[in-house]
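S.K.: Please put together the full structure from these sequences, using the hints given.
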Amino acid sequence: MNAKIKLHGLKTEEFIHSKEVKRKGELLENKQVQKLLKELNEQVSSFITAQRLGKYVRLSRKTAPVIYDILYDVCDILDYDEIPELYTERLYAADVIPCRAKRSYLLVPDFIINNFDTDMIYYAVGNAVTMLKAGHADISTMANFVPLNMLTAVPRTLIIHFLHAADMTSDRGGLLACQSISAAMRCHLIELGLPHSEIYNVAANDKKAEKYIPLLLKKFESLRENTIQKLSGGIQNFTYFEGAAAEMMSDLFSWYGSGYKQLMSKYGG
Amino acid sequence: MLDNIVFFSEDVFIDSRDKAAMDALYNNDASKTILKFISDNGLEGIYEYIYKSSYARLTENTSPVIFECLKTSCEMFALDSIPEIYAEFSYENTASLGGMNKPFITLNTEYIRTVDKKTLLGIIASKTAEIKAGHAQVRFMMWVLEMVGQYIPALLSKILTAALDECEKNMVYTSDRAFYLATRNYGLTVQQMFGNKISKEMADRFCITDNKCGEYCFQYDDFFEYKNNHSELHMLQSILSSQPFIPVRIERLNAFIEEEAI
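Each protein sequence line maps, in turn, to chains V and F.
Taking my numbering, I'd label the letters of the first sequence as residues 1 to 269.
Taking my numbering, I'd label the letters of the second sequence as residues 270 to 531.
There could be a bad hint or two in this list.
[Claimed, not checked] Pairs of lysine-lysine residues, derived as DSSO-like cross-links and limited to a Cα-Cα distance of at most 27 Å, are as follows:
{"no.": "1", "chain 1": "F", "residue 1": "Lys481", "chain 2": "V", "residue 2": "Lys55"}
{"no.": "2", "chain 1": "F", "residue 1": "Lys288", "chain 2": "F", "residue 2": "Lys496"}
{"no.": "3", "chain 1": "F", "residue 1": "Lys387", "chain 2": "V", "residue 2": "Lys55"}
{"no.": "4", "chain 1": "F", "residue 1": "Lys427", "chain 2": "V", "residue 2": "Lys62"}
{"no.": "5", "chain 1": "V", "residue 1": "Lys11", "chain 2": "V", "residue 2": "Lys62"}
{"no.": "6", "chain 1": "V", "residue 1": "Lys62", "chain 2": "F", "residue 2": "Lys496"}
{"no.": "7", "chain 1": "V", "residue 1": "Lys55", "chain 2": "F", "residue 2": "Lys371"}
{"no.": "8", "chain 1": "V", "residue 1": "Lys230", "chain 2": "V", "residue 2": "Lys219"}
{"no.": "9", "chain 1": "V", "residue 1": "Lys102", "chain 2": "V", "residue 2": "Lys38"}
{"no.": "10", "chain 1": "F", "residue 1": "Lys427", "chain 2": "V", "residue 2": "Lys55"}
{"no.": "11", "chain 1": "F", "residue 1": "Lys481", "chain 2": "V", "residue 2": "Lys62"}
Simulated from the structure, these hints should not be mistaken for laboratory data.
Every value quoted in this text rests on a predicted model; they were computed, and no experiment measured them.
M.R.: Printed below as a string of structure tokens:
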């Protein structure tokens, strides 16, 4: 693991995805969405607090020193002042889940603690901290509680659409935190389903990842050639909370070759 | 470790809330109807086929340590016969009960792989005690309700599910007591409460010793401070999980230990 460059003074606007800017505007302008989010915020905060204190296990510097050190370092790298609390539970998931309901915390699945290498943890924590820094967590926390009915159909769709774009921004934040494209790609490859033992065969280091990922992405691109396939991609974008893993990977990889490098040279990399 | 086996009577290891809930359930007409429906329609056979055909049965030859724990537990809680025990391939760190009139225990592979002998004894003891307490019947009713719930009136299904969920929560207290009685290790008993959440290595860092929650104390205190100011917490617990919140389980265990000391 290389020493990370601290991006002191970093603003979300410097790496925000253009789609997020557009969709955030749509979200803020929609009164139905704003009303729904406000109401949910008031109603579910007890629910979230109960879950946090009663169901999850809080970690501390004493009980999880490695993760805590990484958290402090990530907050420093991304210039985020408010260090969130860390909780864990047994969960087979590859994302650190940020949550904000009156108070911010990160839920770190035990799968990450037990299986991710240090740079991958930087990526996963960086991704979640970016969601707090950029304000995504305020919306993603509430999104889980939006009921699916006729009245909420429009705001729900707008929220999902926004969260996909927000995820692309937070992926960029994750990359800025870990400063290793191979670590970022290893996390995405796990999400794509590649067994943990095999991710190092194709993305052990940046050089290897730079060679392998374009080949992999080319195969995914060929999946969206005809109208039906494009349509199904559109449906997925409007219905699933998570964007298609390959699409997210592709977007991040292309930003790595442009915006990421510019930002790193600006901050002294 | 397994020498000097102590026998525990039902009065000791069955939690009073659990006993009250079970008594209420078994004296209830709806439960009687469900149990009769299960017996009349041979549902236990269907269940056994579905589950046992997917699990590996463990024997004295394949798993001598597990069997030693099982035998010890059966003596501790005076079970008439030794139940069958199976392994299930799963990431979850759980053990469960199956069957109704002939209950069996299921251990998940991750559990078997990661825990030490003493913890294993505690886990198996807690399931054995549950069999003695009659929990298998309740769990079986839950399974049946899950299967047929959509075919009976929605309100009735919801009421029955809520009643059984409440029973399930109280069962956990008996299970915790049995774990403690079998291992006589407070730290291990509390650790297994969040055994589903964290690794053994990390659990050890919480430094939970006799009657002290170690690093977990801070969260424990925060929870009760919140609980005292939010009366809706009990209702939220019902919605959130089929298990009681961890701090509530610890509180109940502490009360039992104090009571036992007196």
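S.K.: Next pair to validate is F/Lys427 with V/Lys62; report whether the Cα-Cα distance is within 27 Å.
M.R.: violated (44 Å)
S.K.: Between F/Lys481 and V/Lys62, is the straight-line Cα distance small enough, at 27 Å or below?
M.R.: holds (16 Å)
S.K.: For a C-alpha distance cap of 27 Å, please report whether F/Lys288 and F/Lys496 respect it.
M.R.: Within the cut-off at roughly 25 Å; holds.
S.K.: Regarding the pair V/Lys62 and F/Lys496, is the alpha-carbon distance no greater than 27 Å?
M.R.: With Cα atoms ~26 Å apart, V/Lys62 and F/Lys496 stay inside 27 Å; holds.
S.K.: Please work out if V/Lys11 and V/Lys62 have their alpha carbons no farther apart than 27 Å.
M.R.: violated (31 Å)
S.K.: Check the hint pairing V/Lys102 with V/Lys38 against an upper bound of 27 Å on the C-alpha distance.
M.R.: holds (12 Å)
S.K.: What's the verdict on F/Lys427 and V/Lys55, does the C-alpha distance respect the 27 Å limit or exceed it?
M.R.: Holds, at about 24 Å.
S.K.: Take the C-alpha atoms of F/Lys387 and V/Lys55, compute the straight-line distance between them, and say whether it is at most 27 Å.
M.R.: holds (25 Å)
S.K.: Could you grab the alpha-carbon distance between V/Lys55 and F/Lys371 and see if it respects the 27 Å cut-off?
M.R.: Status violated; Cα separation ~32 Å.
S.K.: Verify the proposed pairing of F/Lys481 with V/Lys55, using a straight-line Cα cut of 27 Å.
M.R.: The given pair, whose Cα atoms are some 19 Å apart, holds under the 27 Å limit.
S.K.: Would the hint linking V/Lys230 and V/Lys219 be met if the CA-CA limit is 27 Å?
M.R.: Within the cut-off at roughly 15 Å; holds.
Consistency with the previously given hints fails for numbers 4, 5, 7, ordered from lowest to highest.
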